[in-house]
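> Here's the letter readout for the chains.
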Amino acid sequence: MSKPVETDSFLGNFGRTFITAFQTVGAMTLLQLRIFRSLLAIKNFDYDESVTQLFKIGVRSLPVVIATAAFVGALMVVASGNFVRATGATTLIGWAAGTAVFSEVGPILIGLMFSGRVGANNTAELGTMVVTNQIDALRVLGINPIGYLIVPRFMAMIVMLFFLTAIGDLFALTGGAITCRAVLGIDMRIYWQGILDSNLLSEFIMGLVKAIFFGGAIAIVSCHWGLQVTGGARGVGRAVNDSVVTSAIAIFMVNFFITVLWT
Amino acid sequence: MIEYVNVTKQFGPLTVLDGINLTIKDGEITYVIGSSGTGKSVLVKHAVGLLRPDAGRILIDNIDTTDFNERQWNQIRMRYALVFQHPTLFDSMSLVDNVALPIRKHQKVSKPAAKKSAMEYLERVGMTTKADLMPSDVGPGERKRVSIARALTLSPDCAILDEPTTGLDVVASKNIDEMISELSKSLGKTVIVVSHDLRSIFGVADRIVFLYKGKIRLDGSPSAFRASDDPVVRQFVSGEASGPMET
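Protein chains in written order, with the numbering used here: chain H, 266 to 528; chain Y, 4 to 250.
Everything labelled a hint here was simulated from the structure, so no lab data went into it.
All figures in this text were calculated on a predicted structure; none of them were measured in a lab.
Just so you know, not all the hints are guaranteed correct.
Not everything, but these chain H residues come out facing chain Y in the computed CB check (under 7 angstroms) [stated by the list, open to error]:
{"id": "1", "residue": "Ala354"}
{"id": "2", "residue": "Val395"}
{"id": "3", "residue": "Asn398"}
{"id": "4", "residue": "Gln399"}
{"id": "5", "residue": "Gly407"}
{"id": "6", "residue": "Ile408"}
{"id": "7", "residue": "Leu461"}
{"id": "8", "residue": "Asp462"}
Derived DEER-like restraints, expressed as beta-carbon distance ranges [what the hints assert, rightly or not]:
{"id": "9", "chain 1": "Y", "residue 1": "Ser241", "chain 2": "H", "residue 2": "Asp313", "range": "25 to 31 angstroms"}
{"id": "10", "chain 1": "H", "residue 1": "Gly291", "chain 2": "Y", "residue 2": "Lys177", "range": "29 to 35 angstroms"}
{"id": "11", "chain 1": "H", "residue 1": "Gly381", "chain 2": "Y", "residue 2": "Asp57", "range": "40 to 46 angstroms"}
{"id": "12", "chain 1": "Y", "residue 1": "Met96", "chain 2": "H", "residue 2": "Met518", "range": "34 to 40 angstroms"}
We put the beta carbon where it would ideally sit given N, CA and C, even for glycine.
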């Protein structure tokens, strides 16, 4: 007779982690389906809550995104600076910075900042509502929590991360231009002309498409962990942690698949 | 009318409700009482679908709701309004916005119209002067009153109040008792109250259901409750620390 696997063995822990991961993905998929179903019931759309979320998620994230983007652009210029100086190919500096900012580093870093600020906040807020029975209070008032709370957040995160990434791209390039002049001593006009000549429209659009999917992924992940909270304040803290980690993994996975499919 | 037919509910190894058979009639004020942890809140949460029985059936107005989905329960919840033990106001909204939310969502009116209507409900519970404050700015008694006002916006046939006077001072408790009486006597609503408060129970109740160890120990009028010679009931009424009652 085969010996049962001990639950605290390596294999037991591995199996448990595997099952938990699948349960989490399954629960997130179900949440996504419930969101799409609520989206179809357009008569239940809550305009006030949506406007509140658009403001809270978008407008308040702007300073963080601008600061992140400006330094990302600056970093890209500094990183490619050595190569440009060594070869004397100064016209390539705009292409190098623009490509990296538009297609990869810009959307990813803005997405990570967004998940840290908005996603974590969203998980904490929903989690607190769960442990203080505010979600059940909505249910007993005959209000569907998915339609009222989750759908506006889902839509706001997608819309706002899209616009924040577009604005972030602009500030990243500006940060790069300033660094180009201040650190590398290359004329800003060469930098800007390099970007324009490189025809980076495809990279720019790919970055925005990524932002849409990142926004959706962060919304699903942060709402899922917020609604799953049990165990009071400690549970909320744990959920926020899980939310940030899972969002980061989701961002890198989504980024990989879009990049592969796009190119 | 709410009927519990042989309802059993377990949480892990603990049997909280053990084959409960109970019918709540329309228009009555029914008090569900018992010591802490006997399943009073669990019992009333079954009536609005927040919990589902492990065994048995829940019938509301002769319709079996046991296998209802969330959408079907939402229709029931419009007529059977539950106010939680701890006031569950939405902490990101002012008091008036809390009360206006169900009006706005269900009556499909504009925000100003919903607020105007909400003020009328707040007036009923004497909270108009604090309408624009946030829930954290008022005391627990006031939050409870606003919670009740919010539940009444649904114009329910039945109000289910979970420990509405617990933690309140005597005057605030008296106000809640009067509101419960008014709901039943003037407006003809069915009221179910979960309570420990003997003063309220004997002053307001039409009927008392005493839960003990997951079963109904006594179901009768306040006078029958007072006259009971059951030692467990006697100890609950007298409030003595020693006796046959297991807590």
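> Now tell me if each hint is right for this structure.
Hints and how they fare:
Given hint, Ala354 of chain H at the interface with chain Y, is violated; its Cβ is 54 angstroms from that chain's nearest Cβ, farther than 7 angstroms. For Val395 of chain H, the interface hint is violated, since its Cβ never comes within 7 angstroms of a Cβ in chain Y; the closest pair sits about 11 angstroms apart. Interface restraint check: Asn398 of chain H against chain Y, minimum CB-CB distance 5 angstroms, threshold 7 angstroms, status holds. Checking Gln399 of chain H against chain Y: minimum C-beta separation of about 5 angstroms stays under 7 angstroms; hint holds.
The restraint placing Gly407 of chain H at the interface with chain Y holds, with a minimum CB-CB distance near 4 angstroms, inside the 7 angstroms limit. Taking 7 angstroms as the C-beta cut-off, the interface hint given for Ile408 of chain H holds, the closest approach to chain Y being about 5 angstroms. Nearest Cβ of chain Y to the Cβ of Leu461 of chain H: about 46 angstroms, over the 7 angstroms cut. The hint is violated. Among the interface hints, the one on Asp462 of chain H is violated; its C-beta lies about 50 angstroms from the nearest C-beta in chain Y, farther than the 7 angstroms criterion.
Look at Ser241 of chain Y against Asp313 of chain H: about 53 angstroms separates their beta carbons, and that is not inside 25 to 31 angstroms. Our hint of 29 to 35 angstroms for Gly291 of chain H and Lys177 of chain Y is violated, since their Cβ atoms are close to 52 angstroms apart. Between Gly381 of chain H and Asp57 of chain Y the C-beta distance comes to about 42 angstroms, which sits within the given range of 40 to 46 angstroms. For Met96 of chain Y and Met518 of chain H, the hinted distance range of 34 to 40 angstroms is satisfied, since their beta carbons lie about 37 angstroms from each other.
This entry does not satisfy hints 1, 2, 7, 8, 9, 10, going by the numbered hints stated previously.
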